[in-house]
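With the hints as your guide, set chain B onto chain A.
There are 2 protein chains.
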Amino acid sequence: MHRIDNPALLTDLYQLTMAQAYFHSGQRAPATFSLFIRSYPSNRSYFVAAGMSDVLDFLEQFKIDSEAIDYLSSRRIFADDFLDFLKEVRFTGEVRAIPEGRLFFKDEPVLEVTAPIIEAQIVETFIINQINLQSLIATKASRCVHAAAARAVVGFSLRRTHGVDAGMKVARSSYLAGFAGTSNALAGQRYGIPVVGTMAHSFVSSFEHERDAFRAFVTSFPNHSILLIDTYDTVSGARTAVDIAREMTARGQQLQGVRIDSGDLAKLALEVRNVFDEAGLPEAKIVGSGGLDEYDLKTFSDAQIPYDSYGVGTKMGVSADAPWSDIAYKLVEYNHRPVLKLSTGKVSLPGRKQVLRLSDDHGYLIKDIIALQDEQVTGAEPLLKIVMAKGKFVAPLPSLEESRLTFLSEFVNLREPIKSILNPEHYPVEQSAGLQKLHLKVEEQIRRTH
Amino acid sequence: MHRIDNPALLTDLYQLTMAQAYFHSGQRAPATFSLFIRSYPSNRSYFVAAGMSDVLDFLEQFKIDSEAIDYLSSRRIFADDFLDFLKEVRFTGEVRAIPEGRLFFKDEPVLEVTAPIIEAQIVETFIINQINLQSLIATKASRCVHAAAARAVVGFSLRRTHGVDAGMKVARSSYLAGFAGTSNALAGQRYGIPVVGTMAHSFVSSFEHERDAFRAFVTSFPNHSILLIDTYDTVSGARTAVDIAREMTARGQQLQGVRIDSGDLAKLALEVRNVFDEAGLPEAKIVGSGGLDEYDLKTFSDAQIPYDSYGVGTKMGVSADAPWSDIAYKLVEYNHRPVLKLSTGKVSLPGRKQVLRLSDDHGYLIKDIIALQDEQVTGAEPLLKIVMAKGKFVAPLPSLEESRLTFLSEFVNLREPIKSILNPEHYPVEQSAGLQKLHLKVEEQIRRTH
Chain A
1 MHRIDNPALL TDLYQLTMAQ AYFHSGQRAP ATFSLFIRSY PSNRSYFVAA GMSDVLDFLE
61 QFKIDSEAID YLSSRRIFAD DFLDFLKEVR FTGEVRAIPE GRLFFKDEPV LEVTAPIIEA
121 QIVETFIINQ INLQSLIATK ASRCVHAAAA RAVVGFSLRR THGVDAGMKV ARSSYLAGFA
181 GTSNALAGQR YGIPVVGTMA HSFVSSFEHE RDAFRAFVTS FPNHSILLID TYDTVSGART
241 AVDIAREMTA RGQQLQGVRI DSGDLAKLAL EVRNVFDEAG LPEAKIVGSG GLDEYDLKTF
301 SDAQIPYDSY GVGTKMGVSA DAPWSDIAYK LVEYNHRPVL KLSTGKVSLP GRKQVLRLSD
361 DHGYLIKDII ALQDEQVTGA EPLLKIVMAK GKFVAPLPSL EESRLTFLSE FVNLREPIKS
421 ILNPEHYPVE QSAGLQKLHL KVEEQIRRTH
Chain B
1 MHRIDNPALL TDLYQLTMAQ AYFHSGQRAP ATFSLFIRSY PSNRSYFVAA GMSDVLDFLE
61 QFKIDSEAID YLSSRRIFAD DFLDFLKEVR FTGEVRAIPE GRLFFKDEPV LEVTAPIIEA
121 QIVETFIINQ INLQSLIATK ASRCVHAAAA RAVVGFSLRR THGVDAGMKV ARSSYLAGFA
181 GTSNALAGQR YGIPVVGTMA HSFVSSFEHE RDAFRAFVTS FPNHSILLID TYDTVSGART
241 AVDIAREMTA RGQQLQGVRI DSGDLAKLAL EVRNVFDEAG LPEAKIVGSG GLDEYDLKTF
301 SDAQIPYDSY GVGTKMGVSA DAPWSDIAYK LVEYNHRPVL KLSTGKVSLP GRKQVLRLSD
361 DHGYLIKDII ALQDEQVTGA EPLLKIVMAK GKFVAPLPSL EESRLTFLSE FVNLREPIKS
421 ILNPEHYPVE QSAGLQKLHL KVEEQIRRTH
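Just so you know, the protein sequences line up as chains A and B, in that order.
Those letters in the first sequence? Residues 1 to 450, per the numbering used here, in order.
Those letters in the second sequence? Residues 1 to 450, per the numbering used here, in order.
It should be emphasised that the hints constitute simulated quantities derived from the structure, not laboratory data.
Certain hints may be false.
Derived Cβ-Cβ restraints for the label pairs, each shown as a range [as the list claims (entries may be wrong)]:
#1 N335/B with R239/A: 23 to 33 Å
#2 V412/B with V235/A: 50 to 60 Å
#3 R337/B with G291/A: 46 to 56 Å
#4 D5/A with N335/B: 41 to 51 Å
#5 V235/B with I386/A: 37 to 47 Å
#6 N335/B with G291/A: 25 to 35 Å
#7 R415/B with A303/A: 41 to 51 Å
#8 S42/A with V235/B: 49 to 59 Å
#9 Y364/B with T449/A: 37 to 47 Å
The following residues of chain B were derived to be distant from chain A, with all beta-carbon distances above 10 Å [to be verified]:
#10 A21
#11 P99
#12 V275
#13 I305
#14 K315
#15 P323
#16 L372
#17 G379
#18 K392
#19 L422
#20 E430
#21 Q436
Reference excerpt, derived from the structure (chain A facing chain B, CB under 10 Å, subset only) [unchecked claim]:
#22 M168
#23 S183
#24 H201
#25 S220
Please read all numbers here as calculations on a predicted model, not as lab measurements.
Backbone N, C-alpha and C define an ideal beta-carbon position, used for all residues, glycine too.
Chain A on its own, in the form it takes in the complex:
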């Protein structure tokens, strides 16, 4: 069963046990939680914000239904008065977020939730789950697009994404970060993303001869045929594709191109390009795929390997070199009292915050300042915007296409060394004087009392 009608119970049990203890101890004041990533995975120096729209939909519809209440009751750990209360809980708080498609950096809150503490607490798990996955993938995908150096990149990862929700969100997040399309037909339907794909090895091998397979395919798709030429021998497959292309030319049609999915992809692209060029078919495109990631794409771009576009799959779809981020949703203020934790390696920054971004006259990003919510810096752009108030959207969110443009137009303004595929430089992120002062003050207070 893949279907989840109501994800309100898709939460860690401890969110609910804490909620009961808050409830019984009268702990009901407003709390602010900050969502941020504590460190960069290897070869990363930025993140792409993604996943806000799913989070906000979830918050607006939040309601623990009666079946879920019955289930919790059956566990015999919760008190009846709390369960009666839980039935009525809705999300009534405020959300401030960095818009989808914008860049954000280590330690910067990408989202802040302010709500009565029980509400803000029990939505933690879902919020982290969605922003983590979608930002992780948008970041990975942006690296692939960057490494491909203006060649189109499409996503083929659905079969190996972690489940069906990831399959959908990976398609969306990678399109947000500049992919040209996805193989995922349902993502095409739901998100309006261009869908791509033509044939697999099984199609070729179901025919006794490769040539028959190619012929059958172009007969069915005279205008959309990319022939997969590596089922038996890639160069011989390319020659067969040339024959097919000539048959098509004679009918007034044109073969789009071929795909190579295995073997020495750099060497084969050069050989296949040669086969087509010598046959007078310079317009036939070559698509590369098969275990590719941004590291391969960079190698091919640097060596000017003649691929026209790439299909990237598994390694992008699971962010294979960084399949998780050190993302956290931390209480930073309770009942107007700024708080932090001191756990080793997990210290958090107290208080409600704003992220301020400074750019130069050409639009290039200079540095960010993590500040307290009401601090201002002349010429700096505040990135966290109110997107939800009293549990309702304050305005419609940007469309996926708009967010994609937001990403593309900011990404060109991030300097190359910070986008480097290998060993990128760090982008300067400072903490404001106000934040530093508050941090010291709260830490001192805690050290005194614990």
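Structure of chain B alone, referenced to chain A:
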């Protein structure tokens, strides 16, 4: 939006373009596809079969609804006669599978689908997606359980699994592989898995004093309190927990234990155990968590670090050291003609198959033989069983509890060197004489004609 009402279109577009080309070229005969994993990720020498029940539910309900057909039609790549045909497609084939919870090895088909080629082709993406994720996680989880050396292991990964479907499937697959429970409340409700969890750092820091937080919690949960003691200082937190435990004892209650989630987890466990033992509280349990995986658990087990149980999160939930497997669903027979592909590094084994398993008198697994479907070996157990015929379940599947027992009872019979957390030995898997002969024959045939 996390909700997917009908996943039939959750497929790669090329499954549908191939289907149209099959349709137009009259390619409608039965095909058999084998699902297998081509290689072991690092430090793996076995896999745990999981995900069959989701695959079979999907197949039984398969139907492309009219909205999806309208969407495909709007793409202007498909022919109307094909779309009319597609509306009526249901899965009418046969599925043979290794039951959930059984072990399987490299190159062994864990599932075989035989159906008219269009049906068998368009379900590929979903089948791979689910079996890949669930087997990957069941395998990772089994390693955690093994490394914990009889201490209970529970799953805390929901916040960082890749999306909501993964959150559910990770909880199920890890329970299948011996986990004692999950933090995922919805997985508890849906799958009947024990749910666990008490408090997070935010609960502690929402109170001005750690002691007040602990007191509020045990007041609300006198019988289910594990206090999180590392928010400020772990050993001082342990001392405060001792005070709370004594207050509880005076009321005739008992503190269950404490959890340590950061810092030097080995050193802190020894110190905290000491605090409790000296306070005359040997029954207080210590739970370890915070970035743990099987490698840490093995280290702790070897050093007899006094943890009573573990919460493992992110690294298990994304199978961090192996976030994908080289799983493939390959055409092995079309219209009774065995087929294979020769793509570099991706050669497949032709024909319908059976996996035969030989055990010794004590039940220990000796070796497996990948054979043709009708081959038999005296004393060997055939693992692939018919689970679906003519598109319907042939019998109810085992329950999750039954499959969990299946796993546990087979896993004890796998020799230690093959289960080793680091550099495991390979388990012997042979190919039958019949399969080898067929392989050679088909390969020769292809080399002659291509």
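Looking at L422/B again, its CB stays over 10 Å from all of chain A? holds, 20 Å
For A21/B, which was marked as not at the interface, is the minimum beta-carbon distance to chain A over 10 Å? violated, 4 Å
Consistency of beta-carbon spacing, A303/A to R415/B, with hint 41 to 51 Å: holds, 47 Å
Does the Cβ-Cβ separation between D5/A and N335/B fall within 41 to 51 Å? At roughly 42 Å between Cβ atoms, N335/B and D5/A fall inside 41 to 51 Å, so the hint holds.
CB of V412/B to CB of V235/A, is that within 50 to 60 Å? holds, 51 Å
Hold the hint about H201/A up to the distance rule: shortest CB distance to chain B must be less than 10 Å. Nearest chain B Cβ about 5 Å off; hint holds.
Distal placement of V275/B relative to chain A, Cβ over 10 Å: holds, 16 Å
Range hint 49 to 59 Å (beta carbons of S42/A and V235/B) holds or violated: Violated - the Cβ-Cβ distance for S42/A and V235/B, about 33 Å, lies outside 49 to 59 Å.
Under 10 Å is the threshold here; is the Cβ of M168/A close enough to any Cβ of chain B for the hint to stand? With a minimum Cβ separation of about 7 Å from chain B (threshold 10 Å), the hint on M168/A holds.
P99/B non-interfacial with respect to chain A [C-beta, more than 10 Å]: holds, 19 Å
Hey, does P323/B actually stay past 10 Å from chain A on C-beta? violated, 4 Å
G379/B clear of chain A by more than 10 Å, beta carbon to beta carbon? holds, 35 Å
The structure is inconsistent with the numbered hints 3, 8, 9, 10, 14, 15, although it conforms to all the rest.
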